[in-house]
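Using the sequences and the hints given, assemble the complete structure.
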Amino acid sequence: MKLLLFHLCLLAIGAVSAFPGPRIRKRSTTNDLDGASFNVDFIEQKLDHFNDTRKVKWLQRYMVNDTWYKNASNSPIFLMISGETSMDSKWMTEGSWLNYAQRFGALCFLLEHRFYGQSRPTGDLSLENLKYLTSEQALGDVAEFIRKINENYKLTMNNLWIVFGGSYAGSLAAWSRLKYPDLVYAAVASSAPLLAKADFREYNEIIRQALANSSLECAENVHQAALKVEELLMTAEGVSSLSEKFNACIAIDHTNDLDKANFILQLSYSIQDVVQNNGISMSVDASICEVMTNSSYGDLVDRFAIVASDESDNEEAVCEEMSYKETVNSMKNISYDSGNDERQWMYQLCNEFGYFTSSDSNETLFGSLITLQHQISQCKDIFGDEFDEKRLNDGVAATNAKYGGLNIPVTRVAFLQGSLDPWHAVGIWHSSNPLLPAIFINGTSHCADMEVNLLEEPQQLIAARNETQDQIGRWLSIL
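The opening position of the sequence shown corresponds to residue -8 in the numbering used here, with each subsequent residue numbered one higher.
Treat the hints loosely; a few may be bogus.
[Stated by the list, open to error] BS3-like mimics (lysine-lysine), calculated; alpha carbons at most 30 angstroms apart, straight line:
{"id": "1", "residue 1": "236", "residue 2": "316"}
{"id": "2", "residue 1": "139", "residue 2": "48"}
{"id": "3", "residue 1": "170", "residue 2": "145"}
{"id": "4", "residue 1": "381", "residue 2": "323"}
{"id": "5", "residue 1": "61", "residue 2": "170"}
{"id": "6", "residue 1": "37", "residue 2": "48"}
{"id": "7", "residue 1": "393", "residue 2": "170"}
{"id": "8", "residue 1": "371", "residue 2": "381"}
{"id": "9", "residue 1": "316", "residue 2": "371"}
{"id": "10", "residue 1": "122", "residue 2": "323"}
{"id": "11", "residue 1": "381", "residue 2": "316"}
{"id": "12", "residue 1": "37", "residue 2": "323"}
{"id": "13", "residue 1": "46", "residue 2": "393"}
{"id": "14", "residue 1": "48", "residue 2": "122"}
[Unchecked claim] Label-pair ranges, simulated between beta-carbon atoms:
{"id": "15", "residue 1": "248", "residue 2": "301", "range": "26 to 34 angstroms"}
{"id": "16", "residue 1": "286", "residue 2": "222", "range": "14 to 22 angstroms"}
{"id": "17", "residue 1": "193", "residue 2": "301", "range": "24 to 32 angstroms"}
Think of the hints as simulated: they come from the structure by calculation, not from any bench.
Keep in mind the model is a prediction, meaning the values are calculated, not measured.
C-beta: ideal position from N, C-alpha, C; glycine also.
And the structure:
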């Protein structure tokens, strides 16, 4: 069972990783726009935008779609920022942002994030190289990209740039407007977590509320199942039973606190992933609650094992990596070709954002073992002892100081949040400032507004997209 990660809201990639984070899973849509086409290219970037003494350059991948571009002196330019994963070409042919582009005749670009996909600024992912993986450097890439496209396409100040993004990339969209207002005219930030937070315990509280919205019994059964797993983890016999039920590759050590915490942490991701990437349902995905409330599937631990198996992202594996050592070792691999991007994202979490979803008492959803200290141990064991609690807290404080957290001092940014999305707790979902509109979409989860024609879309989601299009029209003075 791999790490869960920010969960690709970021352009709906179809994978689950190992830490909850602003990411989303690919959902099925029927929105391929007729005639939409795109090209792939690379643009030269600086390794360090703020201290270029080494003069190191690298090539950043991007895509362009000019299907609806009118090549007029006032045609808008839309830029979608890809987040903490390889960019997905589907976002060049589908998604609500392309509907807006069609409406306003925009030229569209999708920009891959440094250190992800084929955008590789360095030879490997060593700690020395990862120091160039920061949100500030990513924003520097956005600014330099806009400058070069303006030059290459001979654009003028009347060709206004609107930046889009979802999840972490939504934060980047808002922050690009904050840091480069001379280049970014406006931004649309979907499910953007603006407030960095070391101990993001609210995440699991909202997960529990979402489960309870579907069924109080379901929420309580998940809680009781987690407590029973915790009890079984305390004995050799219990661990043997759990290893069999959850198909663990290596039997964990019941005397090792790191192993025990990691086991329940990995299991928590199977629940978190479904709720976060639930999309548009008015209640959480029934795949959890149908199992967790049905005694024919066995006892509560048996049911938890079924849910975990159904939500595993590792379909080809013959077993699940559940031990602490396996989890840490998978993120110590410094090769870009390791098959995942968990090392990069974990570095960003340990260095800038935190967002560690704790459950540290018997009253919390997943019991008492998932402490902040356990997750700081991962930071230290992957990147070195200097990645301790002080460094984490200092990094989180620096991030909020740079960008303002929930009090971001910016205008012309639209924020969209879903009521079932755990990330709305660290995002802007209410605003009385007309220059900083917020759209709160009841009954939807992470980045649902970014896609279109999802199955049985609720009216409030359709209304949110219409409101977003109207807002873009007002920014461009085109209604």
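Keeping to a limit of 30 angstroms between CA atoms, is the pair of residue 371 and residue 381 held or broken?
-> With a Cα-Cα distance of about 12 angstroms, the restraint between residue 371 and residue 381 holds, given a limit of 30 angstroms.
Taking 30 angstroms as the top limit, are the C-alpha atoms of residue 37 and residue 323 close enough?
-> holds (26 angstroms)
Hinted pair residue 122 and residue 323, Cα distance within 30 angstroms | The hint holds at about 15 angstroms.
Hey, residue 381 versus residue 323, does the alpha-carbon distance stay inside 30 angstroms?
-> Roughly 22 angstroms between the alpha carbons, so the hint for residue 381 and residue 323 holds.
Take the C-alpha atoms of residue 48 and residue 122, compute the straight-line distance between them, and say whether it is at most 30 angstroms.
-> Measuring from Cα to Cα gives roughly 16 angstroms; hence the hint holds.
Sort out whether residue 316 lies within 30 angstroms of residue 236, counting only the CA atoms.
-> Given that 30 angstroms is the threshold and the Cα spacing comes to 20 angstroms, the pair holds.
Within 30 angstroms, alpha carbon to alpha carbon, are residue 381 and residue 316?
-> holds (24 angstroms)
14 to 22 angstroms as the expected CB spacing between residue 222 and residue 286, which holds or is violated = holds (20 angstroms)
Would you mind confirming whether the straight-line C-alpha gap from residue 61 to residue 170 stays at or under 30 angstroms?
-> Judged against 30 angstroms, a Cα distance of about 29 angstroms means the pair holds.
Mind checking the alpha carbons of residue 139 and residue 48 for me, to see if they're no more than 30 angstroms apart?
-> With Cα atoms ~14 angstroms apart, residue 139 and residue 48 stay inside 30 angstroms; holds.
Given the hinted pair residue 316 and residue 371, is their alpha-carbon gap at most 30 angstroms?
-> holds (13 angstroms)
Given the range 26 to 34 angstroms, decide if the beta-carbon distance of residue 248 to residue 301 lies inside it.
-> holds (28 angstroms)
In summary, the structure agrees with every hint in the numbered list given earlier.
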